[in-house]
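2 protein chains.
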Amino acid sequence: MKNIAVLGATGMVGQEVIKILEQRKYPVNELYLFASERSEGFTINFREKEIEVRTEYESFIDSVDLAFSCLDEPLAREIVPKFREKSKLVIDNSAAYRQDPEVPLVIPEVNPDKIRDHKFIIANPNCSTIQMLVALYPLYQESRIKRIFVATYQAVSGYGRAAVDELKLELEYLAMGEDIEKSEEPVFPHPIGANIIPQIGEFNEEGYTKEEAKMVNETRKILNDPEILVTATCVRVPVLNGHSEAVSVEFEEFIPIHLAKDLLRKAPGVKLLEKNEDYPVPIQADGRDEVLVGRIRKDHVFENGLTMWVVADNIRKGAALNAVQIAELL
Amino acid sequence: MKNIAVLGATGMVGQEVIKILEQRKYPVNELYLFASERSEGFTINFREKEIEVRTEYESFIDSVDLAFSCLDEPLAREIVPKFREKSKLVIDNSAAYRQDPEVPLVIPEVNPDKIRDHKFIIANPNCSTIQMLVALYPLYQESRIKRIFVATYQAVSGYGRAAVDELKLELEYLAMGEDIEKSEEPVFPHPIGANIIPQIGEFNEEGYTKEEAKMVNETRKILNDPEILVTATCVRVPVLNGHSEAVSVEFEEFIPIHLAKDLLRKAPGVKLLEKNEDYPVPIQADGRDEVLVGRIRKDHVFENGLTMWVVADNIRKGAALNAVQIAELL
Chain A
1 MKNIAVLGAT
11 GMVGQEVIKI
21 LEQRKYPVNE
31 LYLFASERSE
41 GFTINFREKE
51 IEVRTEYESF
61 IDSVDLAFSC
71 LDEPLAREIV
81 PKFREKSKLV
91 IDNSAAYRQD
101 PEVPLVIPEV
111 NPDKIRDHKF
121 IIANPNCSTI
131 QMLVALYPLY
141 QESRIKRIFV
151 ATYQAVSGYG
161 RAAVDELKLE
171 LEYLAMGEDI
181 EKSEEPVFPH
191 PIGANIIPQI
201 GEFNEEGYTK
211 EEAKMVNETR
221 KILNDPEILV
231 TATCVRVPVL
241 NGHSEAVSVE
251 FEEFIPIHLA
261 KDLLRKAPGV
271 KLLEKNEDYP
281 VPIQADGRDE
291 VLVGRIRKDH
301 VFENGLTMWV
311 VADNIRKGAA
321 LNAVQIAELL
Chain B
1 MKNIAVLGAT
11 GMVGQEVIKI
21 LEQRKYPVNE
31 LYLFASERSE
41 GFTINFREKE
51 IEVRTEYESF
61 IDSVDLAFSC
71 LDEPLAREIV
81 PKFREKSKLV
91 IDNSAAYRQD
101 PEVPLVIPEV
111 NPDKIRDHKF
121 IIANPNCSTI
131 QMLVALYPLY
141 QESRIKRIFV
151 ATYQAVSGYG
161 RAAVDELKLE
171 LEYLAMGEDI
181 EKSEEPVFPH
191 PIGANIIPQI
201 GEFNEEGYTK
211 EEAKMVNETR
221 KILNDPEILV
231 TATCVRVPVL
241 NGHSEAVSVE
251 FEEFIPIHLA
261 KDLLRKAPGV
271 KLLEKNEDYP
281 VPIQADGRDE
291 VLVGRIRKDH
301 VFENGLTMWV
311 VADNIRKGAA
321 LNAVQIAELL
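First to last, the sequence lines map onto chains A and B. Using my numbering, you'd call the opening residue of the first sequence number 1 and step up by one each time. Using my numbering, you'd call the opening residue of the second sequence number 1 and step up by one each time.
These are computed hints drawn from the structure, not numbers from a lab. Model, not experiment: these values are computed from the prediction. Keep in mind that a hint or two might mislead.
Just so you know, same-sequence chains aren't split out, so a pair can sit in one copy or run between any two.
To be verified - No farther apart than 25 Å at their CA atoms in a straight line, the calculated lysine-lysine pairs in the DSS-like style are these: (1) K114 to K2; (2) K25 to K146; (3) K2 to K298; (4) K19 to K49; (5) K114 to K168; (6) K182 to K168; (7) K25 to K261; (8) K266 to K86; (9) K266 to K19; (10) K298 to K88; (11) K275 to K49; (12) K271 to K49.
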């Protein structure tokens, strides 16, 4: 039984972590919940008790055995090291430490053994990368992957609650047939209701966004394969929750479709939808643990290639569930 | 001055053709409008006159010089040949004749000379193919294209007015916070409001949809290049009008980004958005003639590759405008 802290407990991922700890009967002794001043006075139900959300965390660090950090990147950089200094393990959901060579970046279905190397921080990968690699790893074990093309269709929940609220408000304008009025500090630079936005995060010098660069760098680190080539286009779509991805992959060796299906049928964390017309859609993935894979077909462009369609609950498997699965492995 | 017929005059594409004939001052003598019984008694305004929509067309064929067919594929197969038999040229917007070796498949910015070969039918390509090739052809003239990856984000208007109505109704359910109730004969097999659907058209034996196969076959025919390899994933998104595409291309010769931008800046029918953060979004494309191209960057996967983001009004340049431009070339 462990004393668990959730940092950023009132955000979408924090709340999902708490829900999953309860659903999966994780052996929690004490649960400490922390959030910013905005959440002062809140309580969150856990195993039929109301637990107070605290704003002061430093005096509790000594009492904690394991912390889930669901903070944004700047806050994680500030707060996570304070736990590490006292040899308290943090599973961090932000991008702050993912590329740190001392920090394991772990998907339990892919590289669970890396957990052993931790120096009190384990990083949870980016949601888009997790679902892609859960789907590709069973195939990668059969043949090395050389190149990946991915175009994403990402739900607004990936950005957090403010983005969900912004989309819901815009849907009201649209339903009334009115023009969308953006707030003074909108989450998105364009309307997202009945629109799509091909930008997630800032642009780098090459013209790729942060989200796109994450899909390259995290894929290489998790597969421990710096040679793998990835081109990503990451796009926000007006979906509340559930990311979708069109993924084309080139293998070193040819993998026939029936073998790919066999491998995915028995793969951990994957739900294979075999028939063409049973492809997954994001509203089906909402609330589910598995990564849904469908529309597997021979790729036209790559000689040893497959193309597929991958959908998952980005808040759940893309963040909170993956973090709790890491904790379960410890 | 010509006598013009519009077949399917009350559909979204038909109405747009009529609007564009007026906007571009096409030399129309008489305008004959035809539609099914459902539109009986309707009139449509053209150059400040109300023109009756007729349901009986056969007695008018002799009077027509040029017809725009905005019919669906089965109706086009039935009606277009009746004009051809009497040596009346039809510009057909359906897929019925696009792969017929006797029928030119024309994008005026790409292969205008093909028009000369017509035997009274000229086919208008599929919307997704038109916008991709308007963007790629200026680059293709610099270096042959070997391979294309494309993932689409297609608006519901591509399916017609019933799909637009279905999305609007679903947006009302969502705005009220209610579950989406599908009608008895829905256009889409899943909710499209706050969802996406990776199926446009039926599946073929390979597991590709009709829309995806069109992007392969039409690209080859229009570029007159049967060797070009195309992998497409075509996805319906909850956008009212305006298709977007993530396109990665491999060239035979290296094209530096500055040259690609130079070529696109002066390309006909293209509006280049040069800065990363000025990428186009579909609501901007609505009502515009140009294909909007942005986010041009070096591709990671292909050695001589570029990746870009292409957006256009699928009803206008993707259908009606392209057809009128063909008529203007005649």
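Each hint, compared with the structure:
1. Taking the closest pair of Cα atoms, K114 and K2 come within 25 Å of each other only inside a single copy of the chain (22 Å); across copies the shortest separation is 74 Å, beyond that limit.
2. In this assembly of identical chains, K25 and K146 lie within 25 Å of each other by CA distance neither inside one copy nor across copies; the values are 40 Å within and 54 Å between.
3. For the identical chains of this complex, K2 and K298 are neighbours neither inside a copy (48 Å) nor across copies (49 Å), given an alpha-carbon limit of 25 Å.
4. For the homomeric pair K19 and K49, the shortest alpha-carbon distance inside one copy (13 Å) is at most 25 Å, but the shortest distance between copies (65 Å) is not.
5. Neither within a single protomer nor between protomers do K114 and K168 lie at most 25 Å apart by alpha-carbon distance, with minima of 40 Å and 48 Å respectively.
6. For the homomeric pair K182 and K168, the shortest alpha-carbon distances inside one copy (12 Å) and between copies (20 Å) are both at most 25 Å.
7. When the C-alpha separation of K25 and K261 is checked against a cutoff of 25 Å, the pair qualifies neither within a copy, at 32 Å, nor between copies, at 56 Å.
8. Taking the closest pair of Cα atoms, K266 and K86 never come within 25 Å of each other, the shortest separation being 41 Å inside a single copy and 61 Å across copies.
9. For the identical chains of this complex, K266 and K19 are neighbours neither inside a copy (27 Å) nor across copies (56 Å), given an alpha-carbon limit of 25 Å.
10. Taking the shortest Cα distances, K298 and K88 never come within 25 Å of each other, neither inside one copy (47 Å) nor across copies (43 Å).
11. Neither within a single protomer nor between protomers do K275 and K49 lie at most 25 Å apart by alpha-carbon distance, with minima of 45 Å and 53 Å respectively.
12. Proximity of K271 to K49 under the C-alpha cut-off of 25 Å is found in neither arrangement, the shortest distances being 34 Å within a copy and 59 Å between copies.
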